[in-house]
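Combine both chains into one complex, guided by the hints.
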Amino acid sequence: EAQVTQNPRYLITVTGKKLTVTCSQNMNHEYMSWYRQDPGLGLRQIYYSMNVEVTDKGDVPEGYKVSRKEKRNFPLILESPSPNQTSLYFCASSWDRGYTGELFFGEGSRLTVL
Amino acid sequence: SQQGEEDPQALSIQEGENATMNCSYKTSINNLQWYRQNSGRGLVHLILIRSNEREKHSGRLRVTLDTSKKSSSLLITASRAADTASYFCAINTDKLIFGTGTRLQVFP
Chain A
1 EAQVTQNPRY LITVTGKKLT VTCSQNMNHE YMSWYRQDPG LGLRQIYYSM
51 NVEVTDKGDV PEGYKVSRKE KRNFPLILES PSPNQTSLYF CASSWDRGYT
101 GELFFGEGSR LTVL
Chain B
1001 SQQGEEDPQA LSIQEGENAT MNCSYKTSIN NLQWYRQNSG RGLVHLILIR
1051 SNEREKHSGR LRVTLDTSKK SSSLLITASR AADTASYFCA INTDKLIFGT
1101 GTRLQVFP
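Chains as they are written, first to last, in our numbering: chain A, 1 to 114; chain B, 1001 to 1108.
Next up, chain B with everything else stripped away, as it sits in the complex (with noise of 0.2 angstroms):
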């Protein structure tokens, strides 16, 4: 499959603490996207990092992208309950491939 992988497929902290959640593909991309969706709702776009960059900050998220590994990460600092969601990766080759998410809680 070209789809992303999300890993863990589930994490739980509390408030204040940092959440990491891993993205791994397979093939070569043009740009890798997150996605955030709270419970039943649309997806939201978080930020995108292009395949020549490695780093990529948007507030309290920062992104990484190692091409030679095929991964990615997405870094929440000093989370909050409002942060619960599910998080997707979205990996573009011709067209965009979404993974199958990351459900975080963060309990206050």
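With the rest of the complex left out, here is chain A (with noise of 0.2 angstroms):
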């Protein structure tokens, strides 16, 4: 079956302490994008790429890192977190960058920085 997985799908954590959100895909897709949904302001994309070791910073960059080292996996990386940061997160991806096709979801990550 097509998916995008994330992990955890939820997580309560303190301010400063380091997490990994994981994403993975096994549909081959090239490009790979991290969203924050926050109420009242859609998503927002925090960082994306084009292809294995090719990443670029979206709308909302400051507090994350991501690195695309294999084809399927994008994690997000909050290297300090903060109580601004607490939100839901999604993973997405697709052959093109949804120029032709469709972006494929993961289920969210909600994530809440206490």
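Note that these hints are calculated values from the structure, not bench results.
Keep in mind that this is a model prediction, so the values were computed, not measured.
Some hints could be false.
Claimed, not checked - With a Cα cut of at most 27 angstroms, we get these calculated BS3-like pairs of lysine-lysine:
| # | chain 1 | residue 1 | chain 2 | residue 2 |
| --- | --- | --- | --- | --- |
| 1 | B | Lys1095 | A | Lys69 |
| 2 | A | Lys57 | B | Lys1069 |
| 3 | B | Lys1026 | A | Lys65 |
| 4 | A | Lys18 | A | Lys65 |
| 5 | A | Lys57 | B | Lys1056 |
In structure tokens:
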């Protein structure tokens, strides 16, 4: 089954404690992206990757890091989480950045930073 | 902002009625996409309409695009309680930009 898998789905952590949210896709997609969703603000792009070892900032990259060492994996790293990073996070993948086709989304990771 | 703006923000209807959601945007686009999100879940792609297309159908969904007015509409016909969800438009420029969504509630 084609899917994007995120882990963990739910996480409560404290300010400053480094965490990683993993994302894996099994569709051999070139393009992967991270979004955060906040009430009234819609989905905002954090980082994206066009291919292995190629990553770029989205609209709200501050406080986040990513890496793309393998095509299927695109982890999101919060080096020193702060309460304003409390949000619902989505990983998505696509053949071509949405130019001709859809984005496939993971089920989301709800992060709370105390 | 380049993002699509959905209207209305929330919509409540009875089963069997039609639901219409609108999306307006401000820039030139390659295509416009509609996604659905059940509460707290991931977004699911519904339909894509290219900038040179005016109307597209998929099952009970009908999407229109008016590039001169920079607007699109999503019509769900004969709605069901299971259609209860948030619906997002996403405009594709050099990247995909999502709007803030319309929350649809369909009462049995």
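Hint check results:
1. As the CA atoms of Lys1095(B) and Lys69(A) are separated by approximately 22 angstroms, the hinted pair is consistent with the 27 angstroms bound.
2. For the suggested pair Lys57(A) and Lys1069(B), the alpha carbons sit about 31 angstroms apart, so the restraint of at most 27 angstroms is broken.
3. Pair hint Lys1026(B) plus Lys65(A) does not hold up; C-alpha atoms about 31 angstroms apart against a cutoff of 27 angstroms.
4. Restraint check for Lys18(A) and Lys65(A): the C-alpha separation of about 11 angstroms stays at or below 27 angstroms, so the hint holds.
5. Of the pairs offered as hints, the one joining Lys57(A) and Lys1056(B) is violated, with about 33 angstroms between alpha carbons and a cut-off of 27 angstroms exceeded.
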